[in-house]
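There are 2 protein chains.
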Amino acid sequence: MRLSQLVAPDLLALLENDPAEVRAALEEVHAEDLAEIISDLPTDKAVAILRALPDERTGEVMERLTRESQVQILGSVGRDDAVSLLSEMSPDDRVDLVQDIPDELANQLLTQLEQAEPAAAEELRELSAYGEDTAGGLMTPEYVGLDPQTKVWAAIEEVRRLSRENQAETIYSIYVVGYGTKLLGVVSLRDLILADPSKSLEDVMTENVVRVTPQDDQEAVASVFAKYDLNAVPVVDERGVMLGVVTVDDVVDVVIEEATEDAQMMAAVVPLEDSYFETSFATLVRKRAMWLSVLFVGTLLTANVLEAHESTLATVLALVFFIPVIVASGGNAGAQSSSLIIRGLAVGEVTPRDWFRVAGRELAMGLALGTMLGLLGFARAFFVDTGVSTMDIAVTVASSTIAVVTVGCLAGSLLPLAMQRLGLDPAVSSTPFITCLVDVVGLLVYFAVAKFFLGL
Amino acid sequence: MRLSQLVAPDLLALLENDPAEVRAALEEVHAEDLAEIISDLPTDKAVAILRALPDERTGEVMERLTRESQVQILGSVGRDDAVSLLSEMSPDDRVDLVQDIPDELANQLLTQLEQAEPAAAEELRELSAYGEDTAGGLMTPEYVGLDPQTKVWAAIEEVRRLSRENQAETIYSIYVVGYGTKLLGVVSLRDLILADPSKSLEDVMTENVVRVTPQDDQEAVASVFAKYDLNAVPVVDERGVMLGVVTVDDVVDVVIEEATEDAQMMAAVVPLEDSYFETSFATLVRKRAMWLSVLFVGTLLTANVLEAHESTLATVLALVFFIPVIVASGGNAGAQSSSLIIRGLAVGEVTPRDWFRVAGRELAMGLALGTMLGLLGFARAFFVDTGVSTMDIAVTVASSTIAVVTVGCLAGSLLPLAMQRLGLDPAVSSTPFITCLVDVVGLLVYFAVAKFFLGL
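Those sequence lines, one after another, are chains A and B.
Residue numbers for the first sequence follow the working numbering, beginning at 1 and rising by one.
Residue numbers for the second sequence follow the working numbering, beginning at 1 and rising by one.
Hints are computed from structural coordinates only; laboratory data are not their basis.
Keep in mind that this is a model prediction, so the values were computed, not measured.
Just to be clear, a hint being listed does not mean it is correct.
Copies of the same chain look alike in the list, so a pair counts if it fits in one copy or across any two.
[To be verified] Okay, derived cross-link-like pairs now, DSS-like style, lysine-lysine, Cα gap no bigger than 30 Å in a straight line:
hint, residue 1, residue 2
1, 45, 227
2, 227, 287
3, 151, 182
4, 199, 182
5, 182, 227
6, 182, 45
7, 451, 287
In isolation and in its complexed conformation, chain A is listed as follows (with noise of 0.2 Å):
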C-alpha cells in the first residue's frame, strides 16, 4: 500500500477544517514522501497544500513531483503563481521542466520569468543550451563561490548566509575562485571548520580541484564520481572559468537512469521516459515494434538463404534438425561478448582503442567455446538417424559451431567498440543485433561447411 493512500483522506480533512495547521503537521514529513502523496491528489487539492507549505519546501516538493503533476499544476494555476512556482525550484530542476513542458506554455512562462525575474531567466535560457544528459544540464549555478583572500571565519559567515537564504545547492564544497571566476581551488566543510578561523581561503584549500567541463557526458560525470568519491564536482569551462555545479544526488539518478536505458536498448526498446507502467500501451507498441520489425526483416534473409540451399536440404533433410540450435549457440555467444563490452565501455574499463587486444583475446575464447559446445553437438548428431553417414552429420555440426561460436563473439565484441568509435552508443549493437546478423551468417557457415564434409 502506498504511503499516500494511507495519509492522504487525513491530509485532505485537515485542509478542509483547519487550514492552517497543514504546515505544521507536514513540518516532519520528507519532501519527497510529501511529493508522493501529492502526486496521487487532485490538481486543485494538490495546489492547496503546495500552497499551504513555506516558499523554500514548495520548491522542494516541486522538484520531486513527477513530470506529469508538475505539467497539470503549471497548466492549472494562473500564469503568476506559476512563475512563482518555478522559481522555488533549484535552476537545474526548473530547466528540466521546462524543456519537458509543452512549447506553448513553456513561452509564456518564460515572458512571464522574464518580468518578474529577469535574473533568472537569462540563467534558465543560458542552461538550456546545454544538453540534458551533459554536465553543463546536471548543473545548478547555486554555488558557493569565494574570493581566495577570504579569511576562514568570513567564509563560515558566508556560507550561512547562502546556506539560511538556501542560495545554494550544496555547501559542503566551497569554491574559491578569483577574477572572472576563475576555478582556484576547493575547500570542504569539513577543512574549513577545523581551519585556523585568521587564515584565508588561498592558504587551505585544494589546488588539485577534479572538475569536469559543460560537454561531458552524464555517464562520465557518474565515473568521476564513482572514482573520487565525491559529493559534487565543479563544471568549468575551457578557459577554467566555473559554471556551476554537479552534485552526488543528481549523480546517483543518472546512474540509475543510463543502467535502465542501457538494459532497454541491449534488448532493442527505444529507451522509455518513464516507468514500465506509467508508459501508455500505445507507446510501448511504438518503441517494441520499431526495431523488432528491422529485426524481423533482418532475419527474414534466413529465408533467402535457406531457400537458395533448398536441394541441399531435400537431399540431407537431417541437416535442418541442427539449424536453430547453431544459430542460437552462434547468438547466445554473441550476447555474451556484447554485454561485456558494451559495459566496460560504459564504466571506462575498455576503450575503443583496445580493438586488437578483444579482438585477439574473444578469437581465442571463441575457439575455445565453440570447440566445447561442438563436441556436446557432436555427441547429439551422432545419434541421429539419416540417410547419409552420421559421422559426417555430426562432424559438420561440429565444425559449424566452432565456427558460428567465433563468429559471434567476434561479432558481439568488435562491433560495440565500432559503434563507440563512430560516436553511436554501444548499447544498440546490442544482443538482438548480433542474434540477427549471426543468424544469417550463421547458415552461410552451416551450408559451406555441410558441402564440404557431405561432398555436395
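Model the placement of chain B on the given structure of chain A, informed by the hints.
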C-alpha cells in the same frame, strides 16, 4: 596513457634521493590518483611510498588500491606493519579486505589486531557477520552520534574534534542518539551551523529519519538514496539501535556494480568479480561456458522437435525456410519483455504483486506486435516458390508468428516475476533463457499450426 606512467619515474627518483620530500610532493595528489600510481609499482616501492605518507593518507590510499595490490602489500610487509596498515583503513573497507584475503593470512592478522587494538578487532568481527551485499556489509560504525541534550555549540566542537582525529566517515549528518544508542533524530551539518548555538540538539533535530536495517540488500539501500537524495543513511536494528552509517560514495559504487552484474547475468555470463581485462582467460571461459552449455543442451531439444516432424518437413520443405525467423521473433519480443520487467523490478517500479497487470498487458502487447510481424511474414511467405499453396504457407507463417511472439512476451515478462517471488535474482531469467525456451516452444507451435492449415 595512464597517469602512473607519467609520474612514477619521477616519484621513484625522488624516493631514492630525497625521501623526506615525497610527502610534500604528494600532498596535492588525490588519494585515488595516488592509488593508481602505487598499484602499478613493484610491491617494495609501493610500500616505501605508503610509509612516506602521513598516517591518515596511508589509510585513504590503501582503501583505494586494487584488491590484488592490497593483498600483495599486506603479505609482503611484516605482521606489525600489516596490522597498522589495516587499522588506518576505515572499518567498512577493512572488513571487505579481510573477507577477501586468504583465510590463513586473515586469521594471523586478526590475532595480531586483537593484541594491538582489541576494539578494532571486535568491531571487525561484528561487521564480518553481515553479508557483503547488505547494508550491514556497507556500513561503517564511525559516525557522529551525540546526546539529545548536547548544545549546538558543543556539537560543533565535537564534530571538529572527530573530524580532526579522522574518527567519522561523514560529518555532514549528525545523529542524535539516546540511551543505548537508540536513534532519535538527525541534524545536518548545514542545520547545525545555521542553528542558534545555545539550543539543544533535540530542539533542532529532524525526528523522521529515513533509515535502513542491516539486512537490507544493497540494491534496496541504493534505491533509498536515490529516492530521498541522501548523503548518508543510518543503519538501525529492529529495536531502533543505531549500528552504523552508509555513505553515498559507497552507494554510487554499488549502483554501478549492480548494473554491471545485471548486464552480465542478463547475457548469461556468471558475473565477473574484476573488469573484463583483469579477469583471466581461464576464468572468463569458465564463467561463460557454464550457462552457454546449459543453453546449448536446452536448445538441442529443438533437434528432437524437428526430428519428430521429419515427415512433415519432407512433405513441405518450404516450412524450413521460416524456422529461424519465427523462433527469432519470439525470442526478440521475449527479450524486450524480460529486460523491461527485470529493470522495473531492480528499481522497484514493478513488484511480483503486479502479476495479473503485467500478464494482461503483455498478452495484449504480444498480440499487437505479433500481428504486425505476422503481416510482414505473410508478405514474405507469399513469394515462396513451393509445391503446396503459397497461401497456406503464408497463413501458417503469419499465425505462428502471432502465437510465438505472444508466448515470448508472456514468458519474458512472467518468468522474472516468478524468479523474484521464489527469492531468486530475476536477472537470471533473461534474454538467452527466454530465447532458448521460445526456440523449443516456438517450433512446437509452428508445427501444430502448420499441420492445421496444411492439413498434414
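The hints, checked one at a time:
In this assembly of identical chains, residue 45 and residue 227 lie within 30 Å of each other by CA distance solely across copies; the values are 24 Å between and 44 Å within a copy. Proximity of residue 227 to residue 287 under the C-alpha cut-off of 30 Å is restricted to the inter-copy arrangement: shortest distance 27 Å between copies versus 34 Å within a copy. In the homo-oligomer, the alpha carbons of residue 151 and residue 182 lie at most 30 Å apart inside one protomer (19 Å), although the nearest pairing across protomers, at 39 Å, exceeds that limit. For a Cα distance limit of 30 Å, the shortest separation of residue 199 from residue 182 inside one copy, 21 Å, qualifies, whereas the shortest one across copies, 39 Å, does not.
In this assembly of identical chains, residue 182 and residue 227 lie within 30 Å of each other by CA distance solely inside one copy; the values are 25 Å within and 34 Å between copies. Taking the shortest Cα distances, residue 182 and residue 45 never come within 30 Å of each other, neither inside one copy (46 Å) nor across copies (38 Å). Proximity of residue 451 to residue 287 under the C-alpha cut-off of 30 Å is found in neither arrangement, the shortest distances being 42 Å within a copy and 34 Å between copies.
Figure legend: structure checked against the earlier numbered hints; hints not met, in rising order: 6, 7.
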